[in-house]
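S.K.: Here's the letter readout for the chains.
There are 2 protein chains.
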Amino acid sequence: MQFRQRVYNFSPGPAMLPLPVMKQVQEELLNWRGMGASIIEISHRSKEFEAVLDETEALLRELMRIPNNYKVVFVSGGGQMQFSVVPLNLIALKPARKALFAQSGNFSQRARDEAKKYGTVLDVASSEDTRFDRIPQVPPAAELPRDASFFLITTNNTIMGTQWHTFPDTGEIPLVGDATSELLSREIDVTKFGLVFAGAQKNLGPAGFSVDIVREDLLGKQLPDTPKLLNLAQLASERSLTSTPNTFAIYVVNLVLHWLKEQGGVKAIQKVNEQKAALIYAVLDASKFYKGYALKESRSNMNVTFNLPTPALVETFCADALKAGLYALKGHRYKGGIRASIYNAMPLEGAQALVQFMKEFERTHG
Amino acid sequence: MQFRQRVYNFSPGPAMLPLPVMKQVQEELLNWRGMGASIIEISHRSKEFEAVLDETEALLRELMRIPNNYKVVFVSGGGQMQFSVVPLNLIALKPARKALFAQSGNFSQRARDEAKKYGTVLDVASSEDTRFDRIPQVPPAAELPRDASFFLITTNNTIMGTQWHTFPDTGEIPLVGDATSELLSREIDVTKFGLVFAGAQKNLGPAGFSVDIVREDLLGKQLPDTPKLLNLAQLASERSLTSTPNTFAIYVVNLVLHWLKEQGGVKAIQKVNEQKAALIYAVLDASKFYKGYALKESRSNMNVTFNLPTPALVETFCADALKAGLYALKGHRYKGGIRASIYNAMPLEGAQALVQFMKEFERTHG
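Chains as they are written, first to last, in my numbering: chain A, 1 to 366; chain B, 367 to 732.
Simulated from the structure, these hints should not be mistaken for lab results.
Anything over 10 Å on all C-beta distances counts as not near chain B; from chain A, calculated:
| id | residue |
| --- | --- |
| 1 | Gln109 |
| 2 | Arg112 |
| 3 | Asp123 |
| 4 | Ala125 |
| 5 | Leu144 |
| 6 | Glu172 |
| 7 | Gln275 |
| 8 | Tyr281 |
| 9 | Gly292 |
| 10 | Val355 |
Some, not all, of what chain A presents toward chain B, calculated at C-beta under 10 Å:
| id | residue |
| --- | --- |
| 11 | Glu27 |
| 12 | Ser46 |
| 13 | Gly78 |
| 14 | Gly79 |
| 15 | Gln201 |
| 16 | Lys228 |
Small disclaimer: the values here were computed from a predicted structure and weren't measured. No residue lacks a Cβ here, since even glycine has one placed at the ideal position from N, Cα and C.
Model the full structure from these sequences, guided by the hints.
M.R.: Given below as structure tokens:
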């Protein structure tokens, strides 16, 4: 397929970026603000770039209402790099070096497996027995082991299409949220977390880059052999300029945050996100042809997962959808079926186009 | 200053990229190869992106004549991330966990300081006593400690403007080359190294990304707590797709390698690089006004460093140069003065323009 226009891109990540952002990147790529060079061709220590960096942090703080006792750190590598960063920096907070996990999908499992290198890990909740079709029940805070250094959850599960709608109470144990596939998609209370991180490639910008928001009293207890560019205390104290950072990613994130602010901020985009998801879930709920994967109370507003009667129909659905300009709808191999990723950058019209296509497809093949 | 045209950009890094590459990025940013999406908006596991990844490795192998017993690995984070990657992966090659260094500037010092976390470090050569104005003399291989796991050199010293023109013979000890500021600028014999790495932001592409070329028999001895995305053996076996990589960087590197091949490859660009450097060094050698920083036999063809009679003249030089469209000539704070970084992407005309400016400036202020 060859397209002259941009498609509605349902890729789970790297994902579509807002069109106005992409157009601005394109327009100023050769000559940024009259400097005669691209922003990716100037020093990360130039006053021009440092202003972009500072503004990016300020915008994120404003949009997410990040309190002053939290540091914002930009880290090389995506969400999965943080599976190392989190234990390296936090597991020594308590002498037992114990980390707790709630297993809600592939990525929480990967986070746990990586943390094993640095201490003891314990799954205190899991929905694996129902193939992660729901958010697991977490025991009350009083029942959690008190010697744990942190408790990690994946706040939105891209592959499964599930999302934590309320966060567990972990008492004194710092809650760590892997919000890679949902950061800035809804209002969250940062103070419920010791650390929230997100790989950029869903809602924030290009792949290979992460944002970590961490309560400052948790910093400084990193393991002695923590690589310096994964040391959050050092990065925080050096404004993420310990070495040359991914300047392109910071620049694009900056533009995305400006765009989000113009949309009315997180509260406003949350409404649109809920609207988009509700449109698609309504089709699933009204249909005997489509079968939603996630339990209703665990449904994600970022990734809508469902199946069709046969694998052959899944193939036909994806092929026909592509012809209709609806790209990257195939689900993850773990559970097959369809996944529609509808991050912040997906306009309402994209969800509407998908819904229309789904209805027609059911009429033809149902 | 506001420029309508692109300047000659002498930034030490992030550095200028070839204009045809930047134009292609710009042209296809919104719709890559008719997919209706940007290359930074599609899955790293799509067949289209995987083809770019494979081609990038193949081009690098071709241009550098990388033998089959070397793996090419793409790592998140720039050159300095490799200061952790190298000891994490190589220091356990011998039970003594000892690493040797030749100190030729700021970056070799940083590499040594980071390696201390993982074992014993030893400077077997240094030019610090002459403020790194030359490449230090390395003892013969027979005099190096036999229990060392590797020996690291910075093959080109960006800040000082020095370059190793012959590489030390380290016998059985694997030589590690930090070639961040020169990879692909001249023909090198990869087989002289156990590992060569380069952060991308000088000759290869955007910042925050590295290429590691490593002899495969050195892989698999990483320290047990090596973060998985810094584990070269794992990355190599998973084609650098252990997690979502920096897809923008891989794409730009791919275009840069195509461009380099069109220029005639490394041998051809080396000639141009030598020509550019020779033009500027000739002005230094003929002048009593300008004073080169590096000793002649240690001079770099990538970064030409020199001083002027007074700090005030340095300021005037930079300000006047900028007005003439010559950007980012100010030297590093470590040694002051001027630094002209003339990586592969700098055309001969840029060096010529600088030389003309230098002559005029000397005439006016000398």
